[in-house]
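J.: Per the working numbering, the sequence shown starts with residue 1, numbered consecutively.
Just so you know, these hints were derived from the structure itself, not from any lab.
Hints may be right or wrong, so weigh each one.
[Said to hold, decoys possible] Distance condition first, Cα-Cα at most 25 Å in a straight line; then the derived SDA-like pairs of lysine to any residue:
1) K73 x L56
2) K63 x S44
3) K73 x E58
4) K73 x E86
5) K69 x R48
6) K63 x V34
[Unchecked claim] Computed Cβ-Cβ distance ranges for the label pairs, DEER-style:
7) S60 x K94: 41 to 47 Å
8) E78 x Q39: 45 to 51 Å
9) S52 x E83: 35 to 41 Å
10) N40 x I15: 39 to 45 Å
Note that the Cβ used here is the ideal one computed from N, Cα and C, for glycine as well.
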Amino acid sequence: THYQMRLTSIERESILHDEWDVSRRSMRMAQLEVKQIHQNRVTSYHQRRTESTQLLLELSRQKFKRLLKRQSKKQEQEKLWEEAEEYAQAKGRKHQAILE
């Protein structure tokens, strides 16, 4: 059965060392590597969840702001373009003043 095939860590290490000539140091290095890979996977998983949560939060925030302002997406985009144009013009004036 499956249970009968299970070995303790001591038995596994003993077989690897005695029958396969794997050094204890190599076994320990492999264990540390596996542990690091596992930790990287856990970290990556949590980062993806955090990023998707932040994205949903930002989209909800934008939608809520539009509702409060009673603005359509088109109106919001037009306003953003106007602000970007004003910013570019102001930056251009500042750059022009530096050159003069």
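J.: Taking the hints in turn, state whether each one holds.
T.: The hints, checked one at a time:
1. K73 x L56: holds, 17 Å
2. K63 x S44: violated, 29 Å
3. K73 x E58: holds, 15 Å
4. K73 x E86: Judged against 25 Å, a Cα distance of about 20 Å means the pair holds.
5. K69 x R48: violated, 32 Å
6. K63 x V34: The hint is violated at about 44 Å.
7. S60 x K94: 41 to 47 Å: Violated: the Cβ-Cβ distance is about 36 Å, outside 41 to 47 Å.
8. E78 x Q39: 45 to 51 Å: holds, 48 Å
9. S52 x E83: 35 to 41 Å: Check failed, 28 Å falls outside 35 to 41 Å.
10. N40 x I15: 39 to 45 Å: This hint is violated: roughly 29 Å between Cβ atoms.
Going through the hint list in order, the structure does not satisfy hints 2, 5, 6, 7, 9 and 10.
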